[in-house]
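> What follows is the residue order along each chain.
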Amino acid sequence: MEIVVASAVGVLTAGGVYLLLRLRTFPVILGLALLSYAVNVFIFASGRLAIDQSPILSKYGEASYTDPLPQALVLTAIVISFGMTAVLVMIGLASYLEADTDRVDLDAAAEGEDA
Amino acid sequence: MHWIILPVVLPAMLAPLIGFVMRHDIVLARTASVAGTVALLAVALGLFGMAADGATHVYRLGDWPAPFGIVLVLDRLSALMVLLTATLALLVLIHAIATGWDARGKHFHALFQFQLMGICGAFLTGDVFNMFVFFEVLLIASYGLMIHSGGRARMQAGLQYVVMNLAGSTLFLFALGTLYASTGTLNIADIGRVVATIPPEEAALVRVAAMLLMIVFAVKAALFPVQFWLPGTYANAPAPVAALFAIMTKVGAYAILRVHTVSFGPGIEGTEDLAATWLFPAAIITIAIGAFGVLGARRLMPLIAFSVLGSMGTLLIALAAFTPEATSAGLYYLVHSTFAAACLFLVADLVVRRRAGDTLTPRPPTVQNGLFAALFFAAAIGMAGMPPLSGFLGKLLVLDALRAPGTIGWAWTAVLAGSLVTILGFARAGSVLFWKSTATPAPETDTPVAAAARPLEVAPAMAGLAVLALLAVFAGPLSSYLQDTAAQLYDRAGYTTAVLTPETEG
Numbered sequence: 883m884e885i886v887v888a889s890a891v892g893v894l895t896a897g898g899v900y901l902l903l904r905l906r907t908f909p910v911i912l913g914l915a916l917l918s919y920a921v922n923v924f925i926f927a928s929g930r931l932a933i934d935q936s937p938i939l940s941k942y943g944e945a946s947y948t949d950p951l952p953q954a955l956v957l958t959a960i961v962i963s964f965g966m967t968a969v970l971v972m973i974g975l976a977s978y979l980e981a982d983t984d985r986v987d988l989d990a991a992a993e994g995e996d997a
Numbered sequence: 013m014h015w016i017i018l019p020v021v022l023p024a025m026l027a028p029l030i031g032f033v034m035r036h037d038i039v040l041a042r043t044a045s046v047a048g049t050v051a052l053l054a055v056a057l058g059l060f061g062m063a064a065d066g067a068t069h070v071y072r073l074g075d076w077p078a079p080f081g082i083v084l085v086l087d088r089l090s091a092l093m094v095l096l097t098a099t100l101a102l103l104v105l106i107h108a109i110a111t112g113w114d115a116r117g118k119h120f121h122a123l124f125q126f127q128l129m130g131i132c133g134a135f136l137t138g139d140v141f142n143m144f145v146f147f148e149v150l151l152i153a154s155y156g157l158m159i160h161s162g163g164r165a166r167m168q169a170g171l172q173y174v175v176m177n178l179a180g181s182t183l184f185l186f187a188l189g190t191l192y193a194s195t196g197t198l199n200i201a202d203i204g205r206v207v208a209t210i211p212p213e214e215a216a217l218v219r220v221a222a223m224l225l226m227i228v229f230a231v232k233a234a235l236f237p238v239q240f241w242l243p244g245t246y247a248n249a250p251a252p253v254a255a256l257f258a259i260m261t262k263v264g265a266y267a268i269l270r271v272h273t274v275s276f277g278p279g280i281e282g283t284e285d286l287a288a289t290w291l292f293p294a295a296i297i298t299i300a301i302g303a304f305g306v307l308g309a310r311r312l313m314p315l316i317a318f319s320v321l322g323s324m325g326t327l328l329i330a331l332a333a334f335t336p337e338a339t340s341a342g343l344y345y346l347v348h349s350t351f352a353a354a355c356l357f358l359v360a361d362l363v364v365r366r367r368a369g370d371t372l373t374p375r376p377p378t379v380q381n382g383l384f385a386a387l388f389f390a391a392a393i394g395m396a397g398m399p400p401l402s403g404f405l406g407k408l409l410v411l412d413a414l415r416a417p418g419t420i421g422w423a424w425t426a427v428l429a430g431s432l433v434t435i436l437g438f439a440r441a442g443s444v445l446f447w448k449s450t451a452t453p454a455p456e457t458d459t460p461v462a463a464a465a466r467p468l469e470v471a472p473a474m475a476g477l478a479v480l481a482l483l484a485v486f487a488g489p490l491s492s493y494l495q496d497t498a499a500q501l502y503d504r505a506g507y508t509t510a511v512l513t514p515e516t517e518g
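These protein sequence lines are chains A and B, in that order. As numbered in our numbering, residues 883 to 997 make up the first sequence, in order. As numbered in our numbering, residues 13 to 518 make up the second sequence, in order.
I should point out that these hints are in silico values taken from the structure, not numbers from a laboratory. Bear in mind the structure is a predicted one, so any value in this text is a computation, not a measurement. The beta-carbon is built from N, C-alpha and C at its ideal position, and this holds for glycine as well.
So the derived label-pair ranges between C-beta atoms look like this:
#, chain 1, residue 1, chain 2, residue 2, range
1, B, H36, A, R904, 36 to 42 Å
2, B, F240, A, A896, 20 to 26 Å
3, A, R930, B, G74, 25 to 31 Å
Below, a sample of chain B positions facing chain A; criterion: calculated Cβ distance under 7 Å:
#, residue
4, E148
5, R164
6, A193
Same shape as in the complex, but just chain B:
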C-alpha cells in the first residue's frame, strides 16, 4: 500500500542527494537522474496497473483518518497523469542529457527531480491545501529550470513568470481561506460533502471560493484572460524545460477537473453552474488567441508556445462540458497534446541550435535538413490535428462529444477554424525553415558548420512521435479506458466513501 507515496518520496530523496553530493560530477548526476526517472516510470506503471481495477485507493499519511489527516488518493485519473508525467520526464531528460543542456548551468538534475516531485504530488493529493504546497514545490523548481543557463531575455522572462505565479499563489491562499471559513474543511471529498448540504441561496461564499480556485487553476492552465504569461515563458525557457512544462499546464487542467467535479461538481446545487458558465467562453477565446498567435509569430519558439495555448483551449472546451463523454474525449486530447507539444519543442531545439537563432527567415540549410523537416512535419501535423496521428482523433472525439444544441455552434467553429489557422501557421513556418532555406545560398564565410545530430539526440523526439502514433493505433482500448476513468471521476459518492470511510484493517 505504500506504493502510492513513492512517486513523491523517490524524487524528493533523490533531488537533495543529486544537489549536494553529486553537484561536481555531471556523469554521476546524469546516471542518478536517469535511474530515478526510470524507477519513477516503473512505479507509475505499477500504480497504473493497481488503479486499473477501478477501485479508489486511499493512502492516509500518518494513518490519521481522512478529514483530519492528509490523504493521497490514487484513482484511474491520478494514475494516468502520473504515468504521463513519468514518460514525458524520461524523454525530456534523455534529450537534455544528449544535447548537453543540463551542463549549461548548475543543478539541472536536482531541480528536475524536485519538479517531478511537485507534479506527481499535485496529481495524487486529496487535499486542497496539500495541493497548494505541491504547486509551490513544482513552481519553485520550475523557476530554477526556467532561468537555467541564464541570458538576458531568459532572466527577464523568468522574472515575469515568477511574479505572475507568486500573485497566483497568493490568490490560491485567499481561495483556501474563504473555502475553510465557509466549509470548515480542506479535504477535496469532504468539501464536496459539506457543499452539497449548503442550500443554494446561502452558498455565496462557497461560490466565491470556487471561482477564486478556478482562476488560480486557470493561471496554471493558461486560460484566457490569464494566459499572457505562457508565450513569453515557453519561448524563452530552455527547450527541454519548455517540453517538460507541457505537463505543467495540464496540472492546472487536472486541478480544475478534479476540484470542480468532486468538490463543486455536477449535482451540487450551489456551485454546479460556475465552471461551465465561465470555462466555456474562456476556452473559446483561448483557442482564438492561440491560433492567431501561431499565424502571427515571427520566431519558432513563440509559434510553438502559441500552439500550446491553442491546445489548452481545445482541452478546456471539452472539460467545460462536465459530462463523462466530453471528459473522456478531453483526457485523450490531454495525453496527446502533452506529447505533441513536447515533441515540437524537442525538434525545434535540434533545429534552432544549428541555425543562427529561431527567427522565421530563410537561412542556408542546416545539416540533416531532410531529417529535421520530416520530424517537424510529423510533430506539426500531430499538434495541428491532421490525420494520421492522434491529434486528429483527439479533436474528432472532442467535436463528437460537444454536440449539445447550445454548444455545437461555438465549439465546432472555434475548434475547426482554430485548427485551420494553426495548420496555416505551421505550414508557413515549416516551408520558410526547411524549403526556402534550400534555395538560399550558403554564405562564403568560414564559420564552423554545426555538427550533425547524434542518434541519441534525435531519439527522444522520435520516441515522442512514436507515442503519438501508438496513441492513434491503440485509440480504441485507450478511449474505453478513459471512459472508465471519466465514469469513476463523476462517481462522486464512490470517491467520497473511499476517502472518508475509516480504514478497518491496519
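For reference, chain A alone in the conformation it holds in the complex:
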C-alpha cells in the first residue's frame, strides 16, 4: 500500500516536472496538472494511510478512525488547482492567438518590442 502510493506520487511528480520544463504551452499545462495530482495524493497520504475507516470519531466505542483534515485540505487543493488550470488554459490560448506561437519562453524579438 505504502509503496504504491509513494511511487504514484514520485512518478506523477517526475512526469510533471519533465513536462513543465518543455517549451510549449500544452505540455506545460499537462505537467502542471500532473503535479497537482501528485500533490493531492501526497496531501491525502499526509494524514497516514488507513483502509476502510471512517473519518469520524465514534462515541460508542474505541473504533479507530482516519484523519479527516487532509481530506478537507485536499478538497480545497483540488478546487483551487482545477480553477487555476482553467485560467492557465485561457491565458495560454490568448497568448497563442496573440503571438502565433505557443512557446513559453520569450524570444529575443518579443523582448525588444514594446508592450
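Following the hints, put chain B in place on chain A, whose structure we already have.
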C-alpha cells in the same frame, strides 16, 4: 472585535458587485472602487490604532478554538502591513483612473479589489493553509491584472508568470503536506509549539517542510535563485499594476518573517539555523543581480524592475539576521521600498506614454520635461538610497543593524556597492531620458503632440514622494514603533498564548 475580518470581507463583497453589477458603467465602478479603497484605508487606520497598544488580537472564525478553527491574528506587524497595502492601493487606484488604464480592458476594478482581499488576508491570517488560500486569491487576481489590456509581449510574460506561480503553489502544497504529516497542525502558533518539543535529531522532516516553505515564499519575494520571473513580469505589466505589485514581493518577505520567527524561529533548536544559513547568501546575490540589471537595462521598465529586485535583496539581508534590531531596520526599509518602487513605476508610466516606447535612447523632449525629470530624480534617489529621502535612512538602519563580525564584510560590501551601481544606472537612465532629449531636435512630422499631464495624473506620484519625505521626517517615532513591532514579533510565547488560549468571554 469583528473589525479584524473587515479588510478581507469588504473587498470580497465589493469585487463581485463591481464585476457583475457595474461592469458596463465605468464611472460607477470607479466610484465604488475608490469608495471601497478609502473605506479599507479607514479600517486599516483603525486596526493600526487597535494594535498599537501591543496586544495580540485574535479573531476566531466561527468561534472555534485555535488549533481546530482558523484564526486571524492582528498584531503590530499585520496592522502595519495592512495599512501599507491600503495606502498604496489608494495611490495606485487614483493613478489608474486618472490615466485611463482601468478602461483599457475589462474588470480592472473587480480584480483590483480581489487582489486587495488576498493581500490583506495573507497579512492577517494565523494559519498556513489559510495563507495558501489567500495567496491563491491574490495570485489569481494578479494574473488578470497582469494581462490587463493585452498585447503580445504582455500575454507571453503573463503566461510565464502564471506557470511560475502555479509551480510555486504546488510546492506550497507539498510543504504543507510534509508539515502536517510531521507536526499534525497547520496553525502558525501551534506549529511553533509542536516543533519546539521535537528533539533536533528527529527534526529532519520538519526541516524539509520549513525549507520548502522558505523556497515558496522566496518565489514570491523574488529571491535568488527563483528571482527570474520578476523583471519580465514587472516590465511587461501595466504600470499601475506593477506599482501595486510592489506590495506583492513584500507578501513573500512578510511570510518568511512571520513563519520563520513564530513557527521555526530563533530558540527552536530543530529549525532555527535554516533561514539564516540560506537567506543571507541568497539575499546578497539578489542585490548583485538587481544592481547589474539596473546598470545593464536598455529599457526603462526593466530597469525599475531590477531596482525592485535589488531592494528585495537589501530587505531580506536585514531580515536574514533574525534579530529584533535588524528586523526593525528591515521593516523600515520595507515600508520605504514599497513606496519608492511604486513611485518609480507611476512616474515612468507618465513619461513612457508621452514617448514612443520606453527604450533608453535620446528622443525629442516630451511636454513637461522638467516636471517629469524632477519627479523621476526624486523617486530615483529614494530608490537608490541617497539623502534626503527615506531610502538613505533605511539603508543606514540596515547597515547599522548588521554589524556582527561574520556578516559585516559581506553585508556592507553588498549594500554599499549595490547602491553605487544602482545610482550609476539611474543617473545614466535619467540623463538619457531627460537631458540628452533636450539636445535632440524634434522631428518635422505632424504626429500629434501628447497631452500634458493633468494635475490628477501627477498627484499620486507626488503623494508617494511626499510619503517618502514624511517617512524621513518622522523616522524617529516610526522606528521606535517598528522596534516595538519587532519585539512583539520575537515574543513567541506572547503570540502563542494569545492564539492558543481559549477565549473566556463570548
